[in-house]
Structure formats: structure tokens, C-alpha cells
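Note that the sequence shown covers residues 1075 to 1177 in the working numbering.
The set of hints was computed from the structure by calculation and includes no laboratory data.
For glycine and all other residues, C-beta sits at the position ideal for the given N, C-alpha and C.
Honestly, I wouldn't trust all of these hints.
Below, in silico cross-link-like pairs of lysine-lysine (PhoX-like), each with a Cα-Cα straight-line distance of 20 Å or less [said to hold, decoys possible]: (1) K1135 with K1078; (2) K1169 with K1135; (3) K1173 with K1135; (4) K1173 with K1145; (5) K1169 with K1126; (6) K1169 with K1145; (7) K1099 with K1169; (8) K1078 with K1145; (9) K1126 with K1145; (10) K1135 with K1099.
Now the in silico label distances, taken between C-beta atoms and shown as ranges [stated by the list, open to error]: (11) E1104 with E1082: 26 to 34 Å; (12) I1089 with N1134: 18 to 26 Å; (13) E1088 with A1172: 24 to 32 Å; (14) K1145 with M1075: 15 to 23 Å; (15) E1171 with Q1115: 21 to 29 Å; (16) Y1091 with D1144: 13 to 21 Å; (17) N1076 with E1103: 29 to 37 Å; (18) N1076 with D1108: 13 to 21 Å; (19) L1100 with E1157: 22 to 30 Å; (20) E1157 with H1097: 19 to 27 Å.
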Amino acid sequence: MNIKEFQELLSAIEIYYLVFSNHFKLRAEERGLDQFADVNQLHTILTTEVPKGIVDQENNKFQIIYRINDKYDAILICAVRNESPVRISLVTCIKQEAKRRVK
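Let's have the full structure, built from the sequences with the hints guiding it.
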């Protein structure tokens, strides 16, 4: 899957096709990314907000970069499972200084 296909999938994904693990939720809470710790809020963000960037990491894994504020970005690591139907597994999330953003 390429970035364009992933972005199209992301904007149309149904909430029940997001694999939201306890690990992902725990990391979001630990890192002060509360808006990503709730599956309903996260689904709204994924389907309505335009990310600052998407990086293809290989093997159907992607980094999605969202701006939190002027100082920080949130990096979501996701894996696409080519099942029928396709699912997006949320692996982890990281809070990173915005100046490190891939340009």
C-alpha cells in the first residue's frame, strides 16, 4: 500500500476497523496525548483532520504526524492489515518536538 492509498483508507475507515490496543492507549496517556487515548476522539481525528505528514515505513506500516501545538507533534505508528475488510492497527504514539518534523 502506498501513501495515497493509506490516506484514502484513513479518511474513510469505520471505527470498528481500528484495532485500538491497551498498549496504544497507555502510551498516549503516559505521553500526555489524551486526545489519542480515546477511540472515539481518535477516530474523529483520523477521519476529519489533515495530518502534517505521512511517512511510509515499509511492510504496510506508516507514521502519521499531527500538529499538537507550535512546539509539539504527535506521531502515530499504524500498521495496515490486509484482511477483508482492511483494518488499521494502532501500534504506538510518540510526542515529538515540531522542529524535528520531516519536511
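Starting from the hint list further up, note which numbers the structure goes against and sort them upward. 3, 8, 14, 16 and 18
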